[in-house]
Amino acid sequence: MRESTEKHWLLRPKTITLLWRVFIAILAATVIAERVVHLHPHFGFDGWFGFHAWYGFLACAAMIIFAKGLGLLIKRPDTYYGDDQ
Amino acid sequence: MILHPALILVLGALVLPWLPHRGARQAASLALPLAALWAVWQVPDGSAWQLHFLDYTLTPLAGDKLTRLFATIFALMAAAGALFALRQESRVEVPAALFYAGSAMGVAFAGDLITVFIFWELMAIASTLVIWSAGSRASYSASMRYLSIHLLGGVVLMAGIAGHVAATGSLAFTHMTPDSGASWLILAGFLVNAGAPPLSAWLPDAYPEASWSGTVFLSAFTTKTAVYVLLRGFPGTELLIWVGMFMIFYGIVYALLENDMRRILAYSIVNQVGFMVVGIGIGTEMALNGAAAHAFAHIIYKALLLMSAGSVLYRTGRRKCTDLGGLFQSMPVTAVCGIIGALAISSFPWTSGFVSKSMISQAAGDEHLQYVWLGLAAASAGVFLHAGIKFPWFVFFQKDSGLRPADPPASMQIPMILFSALCIGLGLFPAPLYALLPFEVNYAPYSGAHVVTQLQLLLFSGLAFFVMLGFLKRTLTISLDLDWFYRMFAPRLVNLLTPLLTGVIAGLERTAASVAQRAGKTLHRHHGPQGALARTWPTGSMAFWTVVMLLAWLALYYLP
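Those protein sequence lines, which keep their order, are chains A and C.
To convert, note that position 59 of the first sequence is 59 in the working numbering; the numbers rise steadily by one, no gaps.
To convert, note that position 141 of the second sequence is 141 in the working numbering; the numbers rise steadily by one, no gaps.
Chain A with its partners taken away, still in its complex shape (with noise of 0.2 Å):
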């Protein structure tokens, strides 16, 4: 308890929980939105409901995961230029 108190009120574990819950109300509101609003598809699944915010989840984490297994490849420590840090 003492802790928390001691730490800055953005880093303390109910801040970021309230943090986590505001977030994924906003998510949530960000799809709802799409029914109020009028969307005009330039492709046809571009209307697709939450298009963009799956399309955008789904994109991000096949990027993280490429560039995961890009980095098993490409990866060295950063001393490895010798002159470089």
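Read the hints as simulated data drawn from the structure, not as lab findings.
If you're wondering where the values come from, they're calculated on a predicted model, not measured in any experiment.
Honestly, I wouldn't trust all of these hints.
[To be verified] Subject to a maximum C-alpha distance of 25 Å in a straight line, what follows is the list of computed BS3-like cross-link-like pairs (lysine-lysine): (1) C:320 / A:68; (2) A:75 / C:473; (3) C:399 / A:75; (4) C:320 / C:473; (5) A:7 / C:399; (6) C:473 / A:68; (7) A:68 / C:399; (8) C:473 / C:521; (9) A:7 / C:473; (10) C:473 / A:14; (11) C:399 / A:14.
With chain A fixed as given, assemble chain C onto it according to the hints.
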């Protein structure tokens, strides 16, 4: 007589280091870009200066809307950068940076290809000096690698220009199509400076090695000048769509792997320039406006991000994400400005990136370029991932590094606050920016659908970041790139071949020496004092041998 805005900076920068007082130098470093900014707006449309050089007529100063847009942002950037660098101890860096800005402006105002080339090369030299003036061994070797690549690009460009002038007889810098060897070379020379593949690595290699203020200048001019010349020279070249697309994803993936905060931002320059290059490749008025607007907005928010990172470096001397974290507690201004820059680069609604980048996506949609549009949408999410959240998260939040540095001095805070205000101001009121664009803008960025879909894209990208945070844990690593070939492979090859080659050369030398010795001995035997050919012979033996020769000839003559 109209003043040449670029020459104000270039000539002023040459005088600047010799001013006697530090105060005078500081005042001049701020006054010069502002004077240049004023001069930019005095340049009329069409060619203003003409010069005769050899058989050619050069047009070192010509104005139009596109030129003015880029020159304006170059001048603004130079002014804000000079203010940020007011406390820079190096006497070389700021003059070199202003010379660099002036050269970039010189390219923007150039009406002919020779002037483009001259300022292009001056830009390479001045920017090398900016990197160099950081004064470390790492920055020196990085600057030399950087210079080599740019001189190579310059040679390619010069060859292209020479071929183009020989073929067409025209020096004018106008729209070209890559249909001849010469115009391909020009395009390649331009693309080297844009950070296009295969030579993208020079950018994240060199820029982060400059000083805390140097990188701010570097982020603005070279790549955006390349965007400018591509916009003027090669709009609608389809290849550029795919080059740009590659740059976009290259930037994201490498930035995700990176640990150095300024190198993350350097990779994201390649990523952002990729968006502009795609726009140029699409080539419609909407796309070209988008590319130009995005270049303008990008210079501001990228400089802002690098000022924020530069302030952290200035106060802590650290640049690796693994050494940083939790700084928001003691550097609130730097953190907030960094976050505003991060939101702008992510094209968050109500920031400058939103009103500029969306025009490129819109153009892809209008042209029914389905895969391009999908790529751009994925990349927009990816920008939020690699720069929008990653940079502020790992520098200002993440774990508590225990560091409690204060915000930087006012001279560094003011330009950050000004550029933050511009990021939001342009986002809320895009009309003044749209009025500066080369073509008329028929685009309203703020439709309900656009705001909602963009928020979905970005916020769910944020969700992916925090859900997969374990995958993004920073490690003390760098990522190999094609610069490995000239940083590791080539030197190793030389090291490997050196003993072999020295052996071969030594062997050849020995052989040559013994051959020469033997030849000498033979010569000595025949022609020396005791040699058969040096002896005196009696006349009789001479007559005898002549007879032998004649008989031999006679015999051979009658042979069948």
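Each hint tested on the structure:
1. C:320 / A:68: holds (19 Å)
2. A:75 / C:473: holds (13 Å)
3. C:399 / A:75: holds (23 Å)
4. C:320 / C:473: Holds: residue 320 (chain C) and residue 473 (chain C) sit about 13 Å apart, inside 25 Å.
5. A:7 / C:399: Distance ~12 Å between residue 7 (chain A) and residue 399 (chain C) Cα, so the pair holds.
6. C:473 / A:68: Satisfied, since the Cα-Cα distance of roughly 10 Å is no more than 25 Å.
7. A:68 / C:399: Status holds; Cα separation ~21 Å.
8. C:473 / C:521: Roughly 76 Å between the alpha carbons, so the hint for residue 473 (chain C) and residue 521 (chain C) is violated.
9. A:7 / C:473: Distance ~23 Å between residue 7 (chain A) and residue 473 (chain C) Cα, so the pair holds.
10. C:473 / A:14: holds (24 Å)
11. C:399 / A:14: holds (17 Å)
Hint 8 from the list above is the single one not met by this structure.
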